[in-house]
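Trainee: Listed below, chain by chain, are the residues.
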Amino acid sequence: MSQAQRRVKPRSHTLVDRPGKEAAQSARPIAPRRVRAPHQSLGVSGKRSRRPAELTTQAARLDTSVNGLGRAFPEMSAKRTLSSDQRVLLVGATVALILGLAGCPTAVVVGLNALGTAVYVLVFIYGALWFRRMVKRPALVTVTDEEARAVPDRRLPTYTVMVAAYREANVIGETIHALEALEYPADRLELRLLLEADDHETIAAARATPHGSNLEIVEIPSGGPRTKPKACNYGLQFTKGKLVTIYDAEDRPEPLQLRRAAVAFRRLGSQVSCLQAKLHYHNTGDNLLTRLFAAEYLTWFDAMLPALAGMGGPVPLGGTSMHIRRTALEAVGAWDPHNVTEDADLGVRLYRLGHKTEVLDSVTFEEANSDFINWIKQRSRWYKGYLQTWLVHMRQPVRLWRELGPRAFLSFNVTVGTTPLLAALNPVFWLLTALWFLGKPEFVQTLFPAWLYYPALACLVAGNFLAFYRTVVGIWIGGRPDLLWVVMLSPIYWLMMSIGAIRAIAQLVVKPSHWEKTVHGLDRLRKPELQYG
Amino acid sequence: MAELRARQRSGRGGQAVAMPLKSAPTGQRKLAFGRANRRFGEADLVFAVAFAGYLAAAAYLALNQHLLANDAYSRIASAQRMLFGHDPHLAAIGFVWSPLPVLALLPLVPFKWIWPAMTTYNFAGSLVSAICMAGAVREMALFLADMGLDRLRRSALAVAFAIHPLVLVYAANGMSEAMFLLFLLMGTRRIAGWLRSGELHWGMSAGLALAAAYLTRYEGLLAGAAAVALVAGAAYRSARGTSHERLDKALSTAAVVGAPVVGAFLVWLVVSWVITGNALEQFSSAYGTSSQLAAKTAAPTVPGGWAAYAMNQIFVLEPFIAILIAGAALRAWFSGLTPDVAAVLLILGPVLGFMFLSNAASTIDHELRYMIVTVPLAVLTTGTLLAPARVAGWSVDGWTGPRRPWSGRVRAGARVLHGPVTGAARAIRARAAELPSLALIKGSVLGGRWRVGQLAPLTAVLAIGVALPVSISGITSSRLNYFDAPQIRAIYAPQGAAERQAVQRYVTERKIAADLDARALRPGSVLLDDFMGFPIPINSSNPKQFVITSDRDFKAVLSDPAASGIQYVLVPSPTDLGRLDAVNRQYPTLYAGGMANAHLVREYPDLGGFSTWRLYHLDPEAQP
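Listed in order, the protein sequences are those of chains A and B.
Residue numbers for the first sequence follow our numbering, so the first one is 2 and each next one is one higher.
Residue numbers for the second sequence follow our numbering, so the first one is 34 and each next one is one higher.
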């Protein structure tokens, strides 16, 4: 579809602009080939001079990867954080708040407190139902090894695996090994490394590593935000696999994962368009932080996410190892390059447009962040992205309610909206509790009239217990009983989350689309590398 | 993948036909869910029938006979003062006893404005205990069905539990026993369910139920601890790996059940500490159990000692309990410990053991009701004996297939003695066949190999059935049930002195309340320590007139009543528990001789067996 056509049909549900014949030719057919010479990689070639047609193609693809979603679903792009309605609402609310505080401060503060408590109560009730589901009806999609291997090669769908990496020269070799360890017929598997065109070191290292002919390097031209989703959108245009998945450079997916996903997709039918594999950490034992992080991840991916999928709400996807049908991915506009948690956003968008997500019982090992500062940065990015996602999809709350129904609407608000907001609000209530215990100051009593005090107290006790108990049960389900003592230290972790959340809110105001890099490779005491993730 | 291959053979590709949407759970899981669903109707019926019966009994006791249980009456008073009174607030719940029985009354208290008997005759309490005991009967029936008992046997046993006299009385009289049994049975059944099925939700809900049992009665903590130890042991036993890894698994498993229990304990501790400044109020309060025991006139002794007395209480409730437990233990020894036997004996057993020891050591009152766990223990033990033999081998990760119990090694050793042992066994069998009372053990221990074993079900049900008439003699005996027996006897023979007192319980207090109501006093004019005086505000139509112990200004008012607007002071006779009364402690001479600014209005003689009360009027002019 050309640009002109696109202007005529701006709401088309297709992401990928097909930039003409040249592009179709350069997107290689999936077939076994001999090992490529390094300079033959896809995308921007190593040659100095390019033909004008090639440049046009590249520009068109880049434009698609940056602006494709904005054109297909302008209201679902995070290019602008707030819609004009939201701006008006925010300004109006701020003015009303200031006026209220000037007029009758006590009533306004108690009112805000009541509002906060009401949200806490709602989140607690939803959390309790979620927890019940989590222990009572485990909903992981399981495909045994035998089932996974039973399908003959020729019946397997073509598969695209993309790995976006930036400044990963030291690990890219291992990444390639991990990808080649995937147990999937080579003639049906296209492996694509998405490397930034100016990241010469990584490109060189990747080329230097011997690899099969089905692994190719796509060079991502600079322009637009330098984010993983943009790289993925760009890379997607060079691939043809019916199923698509992405990994991070540090990931070690379980070799049978693709086969399991293919079998599961077939079993589940066309209703299910996305399967999220479980993410675990391989460096759990590094320090206290990685252990806390691992306990959280276990609870999330082994217990909570399957339950959420089972309850019928949008599933915020994990950053990697999500397996998607290409038709669905293209229909919903692929990744949002302006959203810093494009994964969570994609999960919500899939659900809004009628695609179901389930959780696949297969593990990808990742590297847990072992450094405090680094962890805070990563967490602020996640929370910022959640807020972006929440704001984007809440631009028309009534329409969202109609699309999702009350249950999924509540689910979306609790999982995506309140997660960062309450994490930021928690310290306020902890502080008030501590103050009340220490000196019973007058103003705390004013803040909590009896009708508010008891629900707030009950929520404090029951909510914190639920959060703690959920992790106790989560590590049991995840089969890591050795982490129990770490769970006892959960409050430390909650405090860290709060720091991340407060930072995220501040960043959302100052630089919403800035992708804060997470340093990887600390586990092996290498020189810290920067990458998306 | 069979379907997939079939499709490939038939040459149809593409769309799946009818394949399961989710990964199918294992066979056992499916079975467990299916069974639960099939039993739904039956369980509901059990609950409805039991509730109807208990409600009728409750209405008869409370509304017709006016027989009111003291602790239950004190709870409805707590619930009322939390909502209505001079200074209503949540902390008025009181911290000497567990909170749940009072909290359950809160939604019912406001109905007193429509129907006063809801509180004045504590119908609210009776309603709660009837619901809870009916729930306990339902749990009992479900548990027996879980064990695999057929309908006839599980009905017989559930009925035997439901109409046991002690169960019936405590289902109807508003006491906390019903709620405690409900949560205890819920917890025990769910622990057995976890060990049997490996489904985590059983373990989690067991933890929550046992936490609720603790918040109902403090001995629930013991059941929680026993359950935690049991699942930890089971997890350790079935876990693989190094001993360190197995220990991790055991601890993590223990935490699933234990976290709610420990959480409930800590929360109640902290709440108690925040509000009263004392974390363990129930133990050290001026009104707590130890003070109460100390205040009573010298503890009575019984011939043979309290241990024998407590043992008597147990046997009068379930005469065959020792034989039943021995039978279950023997069966476990020979054919392996099943999850049901383990849960019943190792969770309910310690609770009964603890109550027995406390009773024997006189650290609690020697009331028969404290032994109520005897009844479900005996009935469930009988259930395990009647249950079809199952393969042992169970763990929190689910059924692990055949597994010889620890007795296997012993039996291997015993094989050496095969000849002598079988000879002796044959001789015992021959003798035992002539003794019907041993048929139970024979039948259960040796299963189908014994023809007389077919007598076992009948014998077992008889053993439980015999308990019904025997325990009637127990609960009406002043010796074994000294506190509540007169009240129960009053139902059919209200002539004796003790029986008359039971019928007239709270008549004195009703009279005081009516007199004060007639004076139409303004709020906060009557000083009353409601530790003993709790029946007075509850029978008053103007509860605001009283300044009571839980009011936040009580101490200030007590130290200077006249200046605080008090017109009348009520004081009980300073004997027995009356010595703990705050007014008596503050003004030791008031009851006997009055004070300069107080003159006696009226003395109310004791009709109900609690205390004589005196009402003083304060003269605001004169100084004390």
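Be careful, since some hints might not be right.
Said to hold, decoys possible - Cβ-to-Cβ under 8 Å is the rule here; a few derived chain B residues that face chain A:
| id | residue |
| --- | --- |
| 1 | Leu123 |
| 2 | Ile126 |
| 3 | Val129 |
| 4 | Thr509 |
| 5 | Arg512 |
Unchecked claim - If you want the footprint, here are the derived chain A segments under chain B, 3+ residues with CB under 8 Å:
| id | region |
| --- | --- |
| 6 | 409 to 423 |
| 7 | 500 to 509 |
Claimed, not checked - Simulated pairs of lysine-lysine, DSS-like, Cα-Cα distance not exceeding 30 Å:
| id | chain 1 | residue 1 | chain 2 | residue 2 |
| --- | --- | --- | --- | --- |
| 8 | A | Lys80 | A | Lys241 |
| 9 | B | Lys588 | A | Lys441 |
| 10 | B | Lys544 | A | Lys441 |
| 11 | A | Lys80 | A | Lys378 |
| 12 | A | Lys378 | A | Lys512 |
Since the hints were made in silico from the structure, they are not lab data.
Using N, Cα and C, we set each Cβ at its ideal position, and we do this for glycine too.
Trainee: Can the hint on Thr509 of chain B be confirmed by a CB-to-CB distance to chain A that is less than 8 Å?
Mentor: This hint is violated: Thr509 of chain B lies away from chain A, its Cβ roughly 43 Å from the closest one there, beyond 8 Å.
Trainee: Val129 of chain B was flagged as interface toward chain A. Is the shortest Cβ-Cβ separation under 8 Å?
Mentor: violated (21 Å)
Trainee: Below or equal to 30 Å on CA atoms is what counts here, so check Lys80 of chain A against Lys241 of chain A.
Mentor: Measuring from Cα to Cα gives roughly 28 Å; hence the hint holds.
Trainee: Counting residues of the region 409 to 423 of chain A whose CB is closer than 8 Å to a CB in chain B, do you get three or more?
Mentor: It is violated, with 0 qualifying residues against the three required.
Trainee: Does the alpha-carbon distance linking Lys80 of chain A and Lys378 of chain A stay inside the 30 Å limit?
Mentor: Holds - the C-alpha atoms of Lys378 of chain A and Lys80 of chain A are around 21 Å apart, at most 30 Å.
Trainee: Is the hint on Arg512 of chain B kept, meaning its closest Cβ partner in chain A is under 8 Å away?
Mentor: violated (45 Å)
Trainee: So, as I understand it, the hint says Ile126 of chain B touches chain A; can you test that by seeing if any CB pair is closer than 8 Å?
Mentor: Violated, because the Cβ-Cβ distance from Ile126 of chain B to chain A comes to roughly 12 Å (cut-off 8 Å).
Trainee: Restraint: Leu123 of chain B near chain A, CB-CB cut 8 Å. Satisfied or not?
Mentor: Holds - the Cβ of Leu123 of chain B comes within 8 Å of chain A, reaching about 6 Å at its closest.
Trainee: Given the hint that Lys544 of chain B pairs with Lys441 of chain A, does the C-alpha gap stay at or below 30 Å?
Mentor: violated (42 Å)
Trainee: Taken at face value, is the distance from the CA of Lys512 of chain A to the CA of Lys378 of chain A at most 30 Å?
Mentor: holds (14 Å)
Trainee: Take the region 500 to 509 of chain A, compare each residue's beta carbon with every beta carbon of chain B, and decide whether three or more fall closer than 8 Å.
Mentor: violated (count 0)
Trainee: Is Lys588 of chain B within 30 Å of Lys441 of chain A, Cα to Cα?
Mentor: Holds: Lys588 of chain B and Lys441 of chain A sit about 20 Å apart, inside 30 Å.
The structure shown violates the earlier hints numbered 2, 3, 4, 5, 6, 7, 10.
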